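A.B. asks: Here is what each chain is made of, one letter per residue.
6 protein chains.
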Amino acid sequence: MGKRRDGRKLDEMRKIKVTKEYIIYPEGSVLIEIGNTKVICNVTVEDKVPKFLIGKGKGWITAEYNMLPRSTHTRMLRDISKLKKNGRSLEIQRLIGRCLRGAVDLELLGEKTLIVDCDVVQADGGTRTASITGGYIAIKLACNKLLEEGKLEKNPIKNGVVAVSVGIVDEKPMLDLCYEEDSRADVDMNICMTDKGRFLELQGGGEKGDFSKNELIKLMELGEKGCKTLFNVIEEMK
Amino acid sequence: MGKRRDGRKLDEMRKIKVTKEYIIYPEGSVLIEIGNTKVICNVTVEDKVPKFLIGKGKGWITAEYNMLPRSTHTRMLRDISKLKKNGRSLEIQRLIGRCLRGAVDLELLGEKTLIVDCDVVQADGGTRTASITGGYIAIKLACNKLLEEGKLEKNPIKNGVVAVSVGIVDEKPMLDLCYEEDSRADVDMNICMTDKGRFLELQGGGEKGDFSKNELIKLMELGEKGCKTLFNVIEEMK
Amino acid sequence: MGKRRDGRKLDEMRKIKVTKEYIIYPEGSVLIEIGNTKVICNVTVEDKVPKFLIGKGKGWITAEYNMLPRSTHTRMLRDISKLKKNGRSLEIQRLIGRCLRGAVDLELLGEKTLIVDCDVVQADGGTRTASITGGYIAIKLACNKLLEEGKLEKNPIKNGVVAVSVGIVDEKPMLDLCYEEDSRADVDMNICMTDKGRFLELQGGGEKGDFSKNELIKLMELGEKGCKTLFNVIEEMK
Amino acid sequence: MGKRRDGRKLDEMRKIKVTKEYIIYPEGSVLIEIGNTKVICNVTVEDKVPKFLIGKGKGWITAEYNMLPRSTHTRMLRDISKLKKNGRSLEIQRLIGRCLRGAVDLELLGEKTLIVDCDVVQADGGTRTASITGGYIAIKLACNKLLEEGKLEKNPIKNGVVAVSVGIVDEKPMLDLCYEEDSRADVDMNICMTDKGRFLELQGGGEKGDFSKNELIKLMELGEKGCKTLFNVIEEMK
Amino acid sequence: MGKRRDGRKLDEMRKIKVTKEYIIYPEGSVLIEIGNTKVICNVTVEDKVPKFLIGKGKGWITAEYNMLPRSTHTRMLRDISKLKKNGRSLEIQRLIGRCLRGAVDLELLGEKTLIVDCDVVQADGGTRTASITGGYIAIKLACNKLLEEGKLEKNPIKNGVVAVSVGIVDEKPMLDLCYEEDSRADVDMNICMTDKGRFLELQGGGEKGDFSKNELIKLMELGEKGCKTLFNVIEEMK
Amino acid sequence: MGKRRDGRKLDEMRKIKVTKEYIIYPEGSVLIEIGNTKVICNVTVEDKVPKFLIGKGKGWITAEYNMLPRSTHTRMLRDISKLKKNGRSLEIQRLIGRCLRGAVDLELLGEKTLIVDCDVVQADGGTRTASITGGYIAIKLACNKLLEEGKLEKNPIKNGVVAVSVGIVDEKPMLDLCYEEDSRADVDMNICMTDKGRFLELQGGGEKGDFSKNELIKLMELGEKGCKTLFNVIEEMK
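Protein chains in written order, with the working numbering: chain A, 1 to 238; chain B, 1 to 238; chain C, 1 to 238; chain D, 1 to 238; chain E, 1 to 238; chain F, 1 to 238.
In isolation and in its complexed conformation, chain A is listed as follows (with noise of 0.2 Å):
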């Protein structure tokens, strides 16, 4: 298996470093640090959920995703300086959203709404991913601070939850891309998995390119990789 850039190898995750109760006001607070890749992941915790759901005893989990202006290469305009949410930040969040009230039981946690602020601060690849795995961290927390404090009486967590980005970049299946390989990529993939192992999520493709069956499977499997290795340092944490 050959070398990339920066001297990983194929199916080779970046350094990871969380840092617990970043923020001291959240419920779940965590800075998510993969390579370069910086993100900060709010919780909050209200206690009402969206109008959908008044009344089904059931709760809610939301995430907004959002870049600081110079946390890429170039300055981003803000939201609201061009009055409208970016489009890929709306997409990724909505991902986000998805992929974590799949790591809660919504009615255990019953009629709250927990939104996860993810925050860049500086980016280089596999920000919606971090989002993901820091926000699933941050949950964690804010649950724990809930049963801490008798707001909740068993704790709603029902699966572990990380996420990591794979692609096919110059002929070769490669485990979480950083921008500059990201960027090159003919097919890059969003993989998000539970502890047991299963699929919560998938999302990608080839702008450049297309794949096969097999390369699916290829790219599943290197996803997998790299989600053990989330779920090995989340375990040391403790």
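The set of hints was computed from the structure by calculation and includes no laboratory data.
Every value quoted in this text rests on a predicted model; they were computed, and no experiment measured them.
There could be a bad hint or two in this list.
For identical chains, the list gives no copy identity; a pair is met inside one copy or between any two copies.
[To be verified] Dumping the calculated SDA-like pairs for lysine to any residue here, alpha-carbon to alpha-carbon at most 25 Å:
id: 1; residue 1: Lys228; residue 2: Gly204
id: 2; residue 1: Lys51; residue 2: Asp186
id: 3; residue 1: Lys225; residue 2: Ser212
id: 4; residue 1: Lys48; residue 2: Asp182
id: 5; residue 1: Lys48; residue 2: Arg98
Based on the hints, put chains B, C, D, E and F in the right spot on chain A.
C.D. replies: Here is chains B, C, D, E and F on its own, set in the frame of chain A:
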């Protein structure tokens, strides 16, 4: 293999109907009906490209997806009433755009933009995949027109592109979910393929459930079957 | 009396076609075609009224008018792209709402709101008057449904209501202007009438020309003729 | 002929007062008072035209109509608080623009835009017609200034233009409705005329009532009388 | 002490004119003129308070500041045209609100909101300080009205409040800058004081220059002088 | 002199920490921490100027201030959710911009714009003054980079610029208020100074109280002390 509420087999598409040149003004126009789902796909050709492509000798394809307020059981507010593009619509139109760019050689297209308006008149599941399929046919019509008028020298279509939805409902993998099935599905996935049998984009997962690699492979095979059916319909239209 | 480019006489309407129950979900749904002009009119019934009517025992009727981006020769941006409801659309939907409220006894309707969505699929002149006529038919369908379902005791329709455009083109007063005539007109006017032969609203004038009282009377007579034709079509549909 | 609450005859205008050069900065500025209705009309001259007119050697006239929040009995929110231009204001400013374009030979104006800001300081009925009349006077002032400064060679004013409201209240047709009359009216209509006694625009109807051709003719005669009074006031101002 | 372009002494205010009950509908209404600067200040009383004050037995005062498009030399776009409240206006209305809350005992006011609309009709420097002074007078009028109508038991005015601008122009500290002076000033400052001679708010500085403590003290003394003049005018109005 | 809740003396700053080059992409980047207040200040250099400066040979400095949703005790909605830039943020970023323009000789800067993004990660009082201080340091870094890269010939920094908050709490003037002190303050003021000991901007006052000239002088002396401390920290960083 069991039957479904509407009598279809698990691997059977709904009735497909394509009305070409549905609207008289656009360069390409199609009304596509998949069962009760009806989408008008209109292609507009503009002799300019987005800022990031100016001077690169390449064209662009972008899509807009919108539902009429009463295309669904209950009335949805128009985007303009909320001053926000619907998040689901944005996510969908980004998917449509990516898939349709996979159909066209953008260098052969030259400095032109194809805008594909997908307006859902009646929704009964599978509106995004119907939009991709209908959008592809409308793009073909528009390219033919440009060729006839001498505005293109060579046909820029490089792949046929269609899409179908698949999902796991009542633990059974099935093809082309109608709304009622979609709302009960544990897993649902949108599969976009080329006429060469390769995948362009996968997108989906399970808010209610998760899935294994084998289940995904089964869903991909259903998707392949559905896409073949669509390509047959397109072939017969000629 | 002379002939027009499309062979019609000066006081002749274009071909009128009404498809009832065009969309399956709304309480009342009509596709109205006047020549090449096609408008989908969908009526939604809501069991609430605007703030200013709460507790007054009266209902309300409001309209929304919108054109698909390629309902015209060149593509129009969607309202949401500009974050502004199109000024012309707003002016038109206010007109449609006023005219349709003239069709219904709002006290008999009770504390309900009828929302009339007029979505122009293809525009060739007279879209606002087609929307009024189609909207009226869709309201009738919706009221019939409410009567059948026991949600209304008495039919609240108090007047039949239709509308036509008239204008002075090449110094000749004429009925039911198509786009090409409308764009050359010195004076154009929209005339909304009841089935009792009384006027509900006049709106129009001349950006290019002005007009005398006698010319206005001539235009009103043409309008009366056109409205009678429309009421005949509606009568025959039963 | 009966009397009205404020002692006026049915065909009598309220007191008209025009203060020229009310604001010192605009090219043309007028405070027009019709009874208690007060509107500031300011004309700005810009040396450019809207996109659709560039290079056609013609000018343009556009109007903006706005009410101060407490120009009415209860406070209205400012448009910016709702991020939406008020629908009624939009409808009105489109009317004002159309009527004022009827006053000016746009080719003589050349590639200039006149922006007519109509800001209602106090509203007591007839604000849109006062805006048209005041706007016309302000345009005349602006054109005079342009002629003096040598920025126009020939006066582009081709018609005097004024407007009044008329209506049927308590079954009596009457001229120049104040707010209290307007809110009780069965039919109300805005009539815009030139100083040659021809009509430029009619707009109105009846939400509460409908009307016959003869009633319309009666209203038009009242309108003619009111417009003559306004032209007399303008004549005497010189 | 030198003279200024308009003949004023360095410590001399421009001509002050206050027209009470300028508009007939608001609870308090004032047209304030300071030289060529003209601002309409209208106070609306609402029997409700913002969310954060509900149930606290206290009232609130808020201000909105807006300039008519041609209150200045060149036309400004209306906020609604840009869908953004002008930043300078927002900054100013926050200042006005803070200062005017210093005039009123909010507990005596009870659960009411006073909305102070400051609409600048003509701007020649000092519009924000004129708004504070005019706003204070309009609040007094509104409170008198509420007392007369028995809607307040005790006058909630606790301080007279006025404001003036001061600045350093051509190295000379001076009072009440007109636009021409303001645009050349090295330092300019807005000073809001009570009728007890105490300061409520200072705001200002120097984009072109900086200043020492002694210069600030000199400016404050000029401000005190100007405020006294304003309180004298208010006193004489009674 | 008494002590404060956190043990500080009345004229004592909180702990100051500056992390340079916090983010790798911007031309200048600083994380500034004042006690628990943390602000990321990123400077972007653009080779263009706002419209009003084009062709004048001068540069511009502008700031954007924003708080992360959970930088505070309770979650704040993002601006984009309300489609309105927060009024307090707008007021603050205008202040930051004015103060930072006082640091730079805009003619030496040439036709460049420095955009200073101040993103508050954690807020505990004094975020606007921390933004000014951090923004100044980030501008210095950016100018050094431009000098090294030969994009500037001469250092355009003309003044060191820092800012602190001061206030009167429990009748005691004090320096560098934390959130808890700020929320109880009778008077609070933001003081921006140069390294030459001169004032650039004062802004503040009392919603709860008012103040005399002597109290203001006392506050300014505290401000001078705090600013000296900040300049010492900056000096030692080198």
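A.B. asks: First find the shortest C-alpha distance between lysine 48 and arginine 98 inside one copy, then the shortest across copies, and answer within, between, both or neither for a cut-off of 25 Å.
C.D. replies: within (19 Å within a copy, 33 Å between copies)
A.B. asks: Regarding lysine 51 and aspartate 186, is the shortest C-alpha distance of 25 Å or less found within a copy, between copies, in both, or in neither?
C.D. replies: Classified as between: cross-chain Cα gap 23 Å, same-chain 41 Å, threshold 25 Å.
A.B. asks: For the identical chains here, do lysine 228 and glycine 204 meet the 25 Å Cα criterion within one copy, between copies, both, or neither?
C.D. replies: For lysine 228 and glycine 204, both the intra-copy (20 Å) and inter-copy (21 Å) Cα distances are at most 25 Å.
A.B. asks: Within a copy, between copies, both or neither: which one fits lysine 48 and aspartate 182 at a CA-CA cutoff of 25 Å?
C.D. replies: So lysine 48 and aspartate 182 fail the 25 Å test inside a copy (39 Å) and across (27 Å) alike.
A.B. asks: Please work out whether the CA atoms of lysine 225 and serine 212 approach to 25 Å or closer within one copy, between two copies, in both situations, or in neither?
C.D. replies: Classified as both: same-chain Cα gap 20 Å, cross-chain 15 Å, threshold 25 Å.
Violated hints amount to a single one, hint 4; each of the other numbered hints is respected by the structure.
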